[in-house]
Amino acid sequence: MAADMLVEPILATGGYDHTIRIWQPYTTTCLRTMQHTDSQVNSLEISPKRNILAAGGYQHIRLYDMHSNHPIVNFEGVAKNVTQVGFEEEGKWMFTGGEDGKVRIWDMSSANPSCKRIFDCQSPVNAVCLLPNQVELLMAHDGGGIYLWDVKSDQHEHLMPEVECSMQDVAVSPNGAFMAAVTNRGGCFIWTLSSWNEPLGTASTLTRWQPQHKIQAHERYALRCKFSPDSSMLVTCSGDGTARIYNTEGWTPRAVLRIEKGWIWDAAFSNDSKYIFTASSDHMARLWRIDNQSVEREYSGHAKAVTALAFLDVSGSGGGTPTDAATSHPGKGG
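Here the numbering used here is used: the sequence shown runs in plain steps of one and ends on residue 470.
Be careful, since some hints might not be right.
Computed cross-link-like contacts, BS3-like style, restricted to lysine-lysine with a CA-CA straight-line distance of at most 27 Å [claimed, not checked]:
(1) 252 <-> 228
(2) 410 <-> 350
(3) 228 <-> 216
(4) 350 <-> 288
(5) 288 <-> 185
(6) 288 <-> 397
(7) 288 <-> 228
Simulated from the structure, these hints should not be mistaken for laboratory data.
Working from the sequences, and respecting the hints, build out all of it.
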């Protein structure tokens, strides 16, 4: 099992039943159930080394060993809900954001990680996204704005795309070209980004954003937006029971993934950008094939809404998909 975790794809789901489940994606086998005591799960992220699962909940952040059922670190004393957890690409530090308005940077170099930096957004933080340069964070908040913060230089800027709404999520394409954000009114804003890869130390190193497009992605509350690994697609998730996929070239509709009832809370693409996982309030996670909008796998076991998921695919080249038999390595490609 321990060896398999290092080479196989990993799917983690969490939700309102106070549990986190670890799945074998291509067989839908639940490998492990972790207790997430006293709180729903708001956000999940698997560390780059695949050995730690971070979970954000109500008034705490927990780090789980991927090979056991119990948290190895429990950060108490964080006020209100922690809405986002994430890692720097080498796992050297972790970032979190929450309803207390604070975005925190945690040093992961010791056995007892400590908070090294705090940025106060002065409004509940709904989402935090690390840019490909691994230096800047985007932070979407309830006040309708997005902060850009350089964690090294401490420079920051503030963007207000729309007043009297809440920015629910923010995402950047892996190639650094685009930024997207969704609102509680179902709107999706698109910007082009530039200078994200300029050498550090140059004047005004902050990434520049230029408004490009607005999509009325949903009629109801939008919850999540994420780009595909190949940067060719953007998915938005909503309280209208759909996940909608758009081409980044021209921002034309690509696919609509629909469940019969409930909200789609979260989503994650496979490495080859051909499949996508969703988490929804009907207690299910699903794997969809994008080109024909069909459900390929269902992950059943949660007793309440599934509100967060994390997927770490196999890196490298070769064939295979998340639906392949256990004898092959799924998700390779892209």
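So, going through the hints one by one against the coordinates:
| no. | hint | in the structure |
| --- | --- | --- |
| 1 | 252 <-> 228 | 12 Å, holds |
| 2 | 410 <-> 350 | 25 Å, holds |
| 3 | 228 <-> 216 | 26 Å, holds |
| 4 | 350 <-> 288 | 31 Å, violated |
| 5 | 288 <-> 185 | 23 Å, holds |
| 6 | 288 <-> 397 | 44 Å, violated |
| 7 | 288 <-> 228 | 14 Å, holds |
Hint check: violations occur at hints 4, 6; the rest are consistent with the structure.
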